[in-house]
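Work out the full structure, taking the sequences as your base and the hints as a guide.
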Amino acid sequence: MIVAFAGANRAGGYKWARRFAYAYAALVVGANLLMVYALLVHDFSVGYVAQVGSLATPTWVTIVSLWSSLEGSILFWGAVLGVFIGIATWTNRKRYPEYMPFAIGTWLASAVFFSFLIAGPAQPFNTVINPPTDGPGPNPLLQNHILMAVHPPFLYLGYVGMTIPFGLAAAALLRRRLGHDFIRPLRTWLLVPWAFLSVAIVLGGWWAYEVLGWGGYWAWDPVENASFLPWLTATAALHSLLVMERKGFLKGWTLTLILSSYLLVILGTFMTRSGVFNSVHSFTQSAIGPTILGFFAAALVWSIALLALNIDKIENEPSNLTGTSREAMFLVNNLLLVLFTLTVLIGTVFPLLVEAIQNKQISVGSPYFDRMAVPIGTALLFLMGVGPALPWGRATKEQLKRNLLPPIASGVVILALGLLFGARNGWTLVTLFLGGYAMHVTMKEMWLPAWKRLRSGESVTKAVVDTQLRRGSRRFGAYIVHASVIIMMVAIAVSSTMKQSVEQQLRVGESMTVGDYTLTFFGAEVRDEPHRQATIAHLAAYRDGKLVTNMEPRMNQYLTQREPIGTPDVHTTFSGDLYLSVLNIDPRTNSVGIHAIINPMVGWIWIATGFLALGSVVLLIPTRRRASEQVQEIAASAPISLGPPAGATTGETR
Amino acid sequence: MKSLLPVLFLALLAAFPIGAQEVQLPAPDMIVGQPAGQPLTGAALEEQTEQVAGQLRCPVCQGLSVFDSPAPMAVNMKHQVRDLLAAGYTGEQITRYFEASYGEFVRLKPTMSGMNWIVWLAPIAMLGIGIWAVMSFLRRSNKSQRASEAVPDAGAVASAEADDPELLPYLLKVRELAYGWPGGNPPAEGDRS
Amino acid sequence: MNRKVLLIGLAIVVPIVLVLFMNLGRDPRKVDSPLVGRPVIDFSLQEVSSKQPMDIAALRGKPMVINFWATWCVPCYAEHKVLTRIARANGSKVQFIGVVFDDEPAKILRFLAENGSAYPTLVDQGGKVAIAYGVYGVPETFFVDAKGTIVAKHEGPLTDSSLMNYIAMVTGGAR
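Note that the protein sequences, when read in sequence, are chains A, B and C.
Take 2 as the starting number for the first sequence in this note's numbering and just add one per residue.
Take 2 as the starting number for the second sequence in this note's numbering and just add one per residue.
Take 3 as the starting number for the third sequence in this note's numbering and just add one per residue.
No wet-lab data here; the hints were simulated from the structure.
Backbone N, C-alpha and C fix where the C-beta goes; we use that ideal spot for every residue, glycine too.
Keep in mind that the hints are not guaranteed to be accurate.
What the hints assert, rightly or not - Pairwise CB distance ranges (calculated):
id: 1; chain 1: C; residue 1: R5; chain 2: A; residue 2: I64; range: 50 to 56 Å
id: 2; chain 1: A; residue 1: A541; chain 2: C; residue 2: A60; range: 49 to 55 Å
id: 3; chain 1: A; residue 1: K402; chain 2: B; residue 2: M136; range: 48 to 54 Å
id: 4; chain 1: C; residue 1: Y79; chain 2: A; residue 2: Y38; range: 35 to 41 Å
id: 5; chain 1: C; residue 1: P41; chain 2: A; residue 2: K361; range: 48 to 54 Å
id: 6; chain 1: A; residue 1: I147; chain 2: C; residue 2: A80; range: 36 to 42 Å
id: 7; chain 1: B; residue 1: E93; chain 2: C; residue 2: A148; range: 33 to 39 Å
id: 8; chain 1: C; residue 1: P41; chain 2: A; residue 2: I64; range: 55 to 61 Å
id: 9; chain 1: B; residue 1: M31; chain 2: C; residue 2: A80; range: 36 to 42 Å
id: 10; chain 1: A; residue 1: A120; chain 2: C; residue 2: M24; range: 26 to 32 Å
id: 11; chain 1: C; residue 1: L20; chain 2: A; residue 2: H282; range: 20 to 26 Å
id: 12; chain 1: B; residue 1: A44; chain 2: A; residue 2: A541; range: 25 to 31 Å
Unchecked claim - Dumping the calculated PhoX-like pairs for lysine-lysine here, alpha-carbon to alpha-carbon at most 20 Å:
id: 13; chain 1: A; residue 1: K95; chain 2: A; residue 2: K16
id: 14; chain 1: C; residue 1: K32; chain 2: A; residue 2: K361
id: 15; chain 1: C; residue 1: K95; chain 2: C; residue 2: K149
id: 16; chain 1: C; residue 1: K130; chain 2: C; residue 2: K53
id: 17; chain 1: C; residue 1: K53; chain 2: C; residue 2: K95
id: 18; chain 1: C; residue 1: K6; chain 2: A; residue 2: K314
Structure below.
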């Protein structure tokens, strides 16, 4: 880190900075592999293995217990950081010599902090004096589901990955210059963690849905909020980056958002690990809390100083902004996302404020956050319909009419469909209309380039592959992501307000009805597994007299826990989920208490996320654009858009 | 005296409802007063149970509501909510009843009293500030646009300088090559389309 | 130096860091009980071995220790030993009462047979008394003085020294 900062302006400095970056990456990944090895061979003389290892757990659980508890998860953080730094350094090794040493220096500063944690307060490798012969294994809730192997790594890739754009942004500020050439790596390295984080957040919701048994997927838990906050600012940054690229202004603001994303990651990690917040995720309190808070405060002060001192050198004055332009829409988009961020942040931290000042304990829970999130989300959905329909710069009345009126028809169609299926809640109906509207606009904009090509007589493959994936991959990918988000918002609205739920005690042979389904209970079975004893309720679900599926919700009694933990069973269909969870079960009297829920459209959320991931991949396809287009773009990025004068070649207008 | 005894007995019965349970506890109206609403039944009862229980925090869980939580204590509380609704107590009365035992912590939605106003007003205040910021940004940009429209040539080069001083010579060269502008400077005014 | 950025930045950042700092070390699960300082809530429950109802209103006049626990609560085992021992020594001065909720009488009887019992244990079917007392988890113990006022609530298992301190509190210092 020191070498990177000191050598920034000297010829050999960059080379040495890179070497240190690679060295860090190699060392920390090596340490992680060592820990996984220790876990697999059950070496209980290693402190962390004694804490979470166990002879009884299946192999995949043993491997993922690397990140199941605090010390191991910080070690894992280091590994992900090392891999990111290594790849980011390597892919840019021949470029941006005036920026990269500063960026590497910043990255390694973060690495230094986390290495300090690993070496000190969160030491996983300490030797145990009298090694036990067996360990307790990781928390049983973490052994119930395969998503334990997927959600944390994705979350770390998203979270830790925010360090990279942070370093790049810091480099631009330190260099007092954000040239057009630097926008590309900034964008790429913001997109990559953003995509992982998006998927990770939804995976977390899916996991909660499948494991916790209450039938919901988001509870505005402080740690859930912690993962959501950087996502919001990163999304805002991605959008203002577009304005920056096209029109040259909002540079300082974009950098502020990028810096904030990383700072919110550190705050989020503090919230999760400090034990100060009431959460499902909470680790126990330890010395690590104050340490992270100290790092957070230091990083905050440094970022504010960087911005205050350098932003004026970087920023450009905007020009020619009208209220009905796409630039203005981006401004509103940023406004809403930042408002959302600050609202969730204040709501999450508020109980602590009240505690500190009035010594009183209050709660700020789902009812509050839902009340705030619904209007903001709806406004964002509205924007997703209207924004892409507006052109850059000035819009004529003709253009407005042509772009803004036809989608209303689609909105009405979707609204009608919703009414047909029984939607009656006001907000849900508005969401359905806006969703239809936005989807119309998105589809039109998404396929516009290919459509134009097809009309001028080109073959289908060439139009699609070349225009959409090679030349227009950014546009295409972005609209795929937008379409996914629209579907997700509609699915969330519908699943929240059109739920049906029934609770009933059943004896063998008895049935209960929920929605269109009839559930019959056939008996309880006790099954012994190596690390737990499961009591399973066998039920059959019928619809219209025909058997749809067998359901087996269960209660798991782990050897190391006193209270049993329930696992629900979910049957997913296109229209919705049948969700069963066991309230109580007695194999001796063969009776069971079942909570049955119909959750409409929940499966759409998970599928939409898959498309979002796909869209992100498309977004990252490097574009091959004609040289003259690139020239035009650079020339046009000066704040005063002079446009091509008469006689000059006209490229494609976007 | 003798006539008072049955009255006293009845009063005691009213204050400590004995009924089929073995548990005897003070009646809710000693804490929140008489039921202020209508007794509910059927679908309306279930709906209101969901509403009211959805606003109460499950005491033994991490942030779940009494309605959502599968924990036995939450289920017991849910039954109590249903019984109280059936007896005609309003949602606010029921919430205050549990607040008397558990404290304000049991409310998932903070009350609008005292310091709690901050958390309710902050989002609206921030929205207001944000709208003002965006509007003034738009206004400022239109002013600068008009200012520079008056002096196009100097403006073009000057603002290109401000944008990216290190790239300026390349930018001028590119303009020269792409558009045929001598020295990279746009031709005299009157030629902008 | 852009003053606006500096001021806005600090205005957002300083309060957040301050609030977080002031909450370090505090257990977020610890909630103050509104019942402390209020009169004890009378209740009548079935005693687990005699199966007879027991009304604590009848015990007024003597300081009380009301301990909420359950057989599925691991920290309650050690606490039970402490309570039994001290109840045997101080039973004349202070009335000990155990209340078990969310549990089965058969399991409770088995537990008491194995671990001893020095005071009445009441069964709270349906958890109504636990709810009335605002119990957030087990074990929780309420300390009531001779006049019937709840003077303290202790969350978590009791130790010998902490229990003796509370007893001193409810008996007015006489040990």
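Status of the hints after comparison with the structure:
1. R5(C) with I64(A): 50 to 56 Å: Since the Cβ atoms of R5(C) and I64(A) sit about 52 Å apart, the hinted range of 50 to 56 Å holds.
2. A541(A) with A60(C): 49 to 55 Å: Since the Cβ atoms of A541(A) and A60(C) sit about 53 Å apart, the hinted range of 49 to 55 Å holds.
3. K402(A) with M136(B): 48 to 54 Å: Violated - the Cβ-Cβ distance for K402(A) and M136(B), about 25 Å, lies outside 48 to 54 Å.
4. Y79(C) with Y38(A): 35 to 41 Å: holds (38 Å)
5. P41(C) with K361(A): 48 to 54 Å: violated (22 Å)
6. I147(A) with A80(C): 36 to 42 Å: With Cβ atoms ~37 Å apart, the hint holds.
7. E93(B) with A148(C): 33 to 39 Å: holds (36 Å)
8. P41(C) with I64(A): 55 to 61 Å: holds (57 Å)
9. M31(B) with A80(C): 36 to 42 Å: About 37 Å separates the Cβ atoms of M31(B) and A80(C), which means 36 to 42 Å holds.
10. A120(A) with M24(C): 26 to 32 Å: Given a distance of about 28 Å, which is inside 26 to 32 Å, the answer is holds.
11. L20(C) with H282(A): 20 to 26 Å: holds (24 Å)
12. A44(B) with A541(A): 25 to 31 Å: holds (27 Å)
13. K95(A) with K16(A): holds (10 Å)
14. K32(C) with K361(A): The hint holds at about 11 Å.
15. K95(C) with K149(C): holds (14 Å)
16. K130(C) with K53(C): Judged against 20 Å, a Cα distance of about 18 Å means the pair holds.
17. K53(C) with K95(C): violated (25 Å)
18. K6(C) with K314(A): holds (15 Å)
Consistency note: the structure conflicts with the earlier hints numbered 3, 5, 17.
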